[in-house]
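> Residues per chain are reported as follows:
Number of protein chains: 2
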Amino acid sequence: MTDLLSRFSINQMTVKQLSLPELTAACAESGIRNVGLWREPVQSYGVEAAAKLVRDAGLTVTTLCRGGFLTAIDPGERARALEDNRRAVDEAATLGTDTLVLVSGGLPAGSRDLRGARERIADALAELGPYAEEHGVRLAIEPLHPMYASDRCVVSTLAQALDIAEHFPARQVGVTVDTYHIWWDDTAPAQIARAGADGRIHTFQLADWTTPLPEGVLNGRGQIGDGAVDMREWKGYVEAAGYTGPIEVELFNDALWARDGREVLAETAARFVEHAGG
Amino acid sequence: MTDLLSRFSINQMTVKQLSLPELTAACAESGIRNVGLWREPVQSYGVEAAAKLVRDAGLTVTTLCRGGFLTAIDPGERARALEDNRRAVDEAATLGTDTLVLVSGGLPAGSRDLRGARERIADALAELGPYAEEHGVRLAIEPLHPMYASDRCVVSTLAQALDIAEHFPARQVGVTVDTYHIWWDDTAPAQIARAGADGRIHTFQLADWTTPLPEGVLNGRGQIGDGAVDMREWKGYVEAAGYTGPIEVELFNDALWARDGREVLAETAARFVEHAGG
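Keeping their order, the protein sequence lines are chains A and B.
For the first sequence, this note's numbering assigns the number -15 to the initial residue and increments by one for each residue that follows.
For the second sequence, this note's numbering assigns the number -15 to the initial residue and increments by one for each residue that follows.
Treat the hints loosely; a few may be bogus.
What the hints assert, rightly or not - Incomplete in silico selection of chain B near chain A, CB under 8 Å:
| hint | residue |
| --- | --- |
| 1 | Leu91 |
| 2 | Pro92 |
| 3 | Ser140 |
| 4 | Trp168 |
| 5 | Asp214 |
| 6 | His259 |
What the hints assert, rightly or not - Cβ-Cβ distance ranges computed for the label pairs, FRET-style:
| hint | chain 1 | residue 1 | chain 2 | residue 2 | range |
| --- | --- | --- | --- | --- | --- |
| 7 | A | Tyr29 | B | Ala224 | 47 to 57 Å |
| 8 | A | His119 | B | Gly200 | 52 to 62 Å |
| 9 | B | Glu150 | A | Asp40 | 57 to 67 Å |
| 10 | A | Trp241 | B | Arg39 | 55 to 65 Å |
I should point out that these hints are in silico values taken from the structure, not numbers from a laboratory.
Ideal placement from N, C-alpha and C gives every residue a C-beta, glycine not left out.
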């Protein structure tokens, strides 16, 4: 149990009601050793200051969320996106994490061309991959659930993510395996094996699937154990594929955000041990 | 254009504010020759009476929606579901349609076993397929968007649907190809070809993908042309696979339901010609 908890990482978004100092203090008190951070609250706090805060608390930063949004057609927009992603790589390096999670972006306004959007992501990664490698950061393409395909992420499956990632060395580009997005996909276990064989599982994240989905479908990710996802089964797939790294719990959930953050943190760690352990 | 309109079928749900007599009258006036019907309004009107009404109006019933919900574990529930599906087959036969659309059902309460649920669907179809064939009705498994996997339909992709359907003769079990559910899936075109090669495309339905999704994600299907789906592209795939049958437009949309049904019917036919034609 203690050993499993040593692999637990709390994604900052799960308890976004906690400030960064509150989060690091709560982790220290609860024996939680890993955090996944988000750019916006880190930028608000100051990237250098945040890096010092988590370092002084003895925390490992497992990922930075998120880069991406690489599907623009407009050259100016595209250039700005690439520049923003280079800044995200810099921030990841400053925070001492080796993994930047990428949410690839949706269809540009008025476009219906999924294939073209996916190709533009690959083109962008040809520029960003080497830059990330120079800074000791790996890019982790996250397939998002197909319900986000038009407005958020045209990469909907692990197979699609790997088709893109495999244009590049694994030390530059891999994937994020997140149960919330792939739990319904019977081809995902084989794709996890494919990713693992090539050293491309750069992070593994958990969230449960609960219904009804809220309007906009963003903030309804279920607490571990509350929904349809068999966490042990998916943990088994990534472990069979050779993944032994940290396991992040990343929940976007209005009900959890309305509660005391320290209580949610303790509950999340306990649910993790209960449902992913053994 | 006239020729394309002859393939257009208005699914009753798109204009559910119209009574069955209003719908048949509006179709007759607009030159619309095909309708897809739903069990509940047909039952309310009376199945025999509905059959006479559409027959007298010269309409072809392209499908009956819907059977299915075949994932129960409890023997009593399972027996009731099978019996209800036999009644649905009877109703389809009475209405003179050869196609009963199946929404397979979600996970039973407390279950996380997608694989088991999918197996129970195949088991149920082994009983229902021969019954349907005896009545001149084909069962059309509809893969629903993965956002419905837990609570409505554990069959999320055409590949999964065909994996089940291929246990049976195509004259008993095929699939429903609906753009709303599969538009994000880059493997779907190959699966459409697989279905077509085997004569398993039993119906082709259109709806557009628009965001933001409403709470519960049921009633946000976009009017043709309003969203991210390239209708001509998907029509091209089913036609390349040999499908030359009717094309249903099936929208669940609160905003459309709040409008005058005859106006929505005319708009839908016009959008169909504009976006699926040529």
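> Next item in the hint list is B:Trp168. Is there a CB on chain A closer than 8 Å to its CB?
holds (4 Å)
> Holds or violated: the 47 to 57 Å window for the beta-carbon distance between A:Tyr29 and B:Ala224?
55 Å Cβ-Cβ, so the 47 to 57 Å window holds.
> Against chain A, is B:Leu91 within 8 Å by beta-carbon distance?
Given a least distance of 6 Å, the restraint on B:Leu91 holds.
> Given the hint of 55 to 65 Å, check if A:Trp241 and B:Arg39 actually sit that far apart at their C-beta atoms.
holds (57 Å)
> Taking the least C-beta to C-beta distance, is B:Ser140 closer than 8 Å to chain A?
At 5 Å from the nearest chain A Cβ, B:Ser140 passes the 8 Å test, so the hint holds.
> Assuming the hint says 52 to 62 Å, is it satisfied by the Cβ distance from A:His119 to B:Gly200 or not?
violated (43 Å)
> Holds or violated: is there a CB of chain A closer than 8 Å to the CB of B:His259?
With a closest approach of 10 Å, the B:His259 hint is violated.
> For the restraint on B:Asp214, tell me whether the closest CB of chain A is nearer than 8 Å.
With a closest approach of 4 Å, the B:Asp214 hint holds.
> Would you check whether B:Pro92 satisfies its interface hint, that is, whether its CB is within less than 8 Å of any CB in chain A?
Since the shortest Cβ distance to chain A is 11 Å, the answer is violated.
> That 57 to 67 Å hint for B:Glu150 and A:Asp40 (C-beta), does it hold up?
Because 60 Å falls inside the window, the suggested range holds.
In summary, the structure is inconsistent with hints 2, 6 and 8 from the numbered list given earlier, while agreeing with the others.
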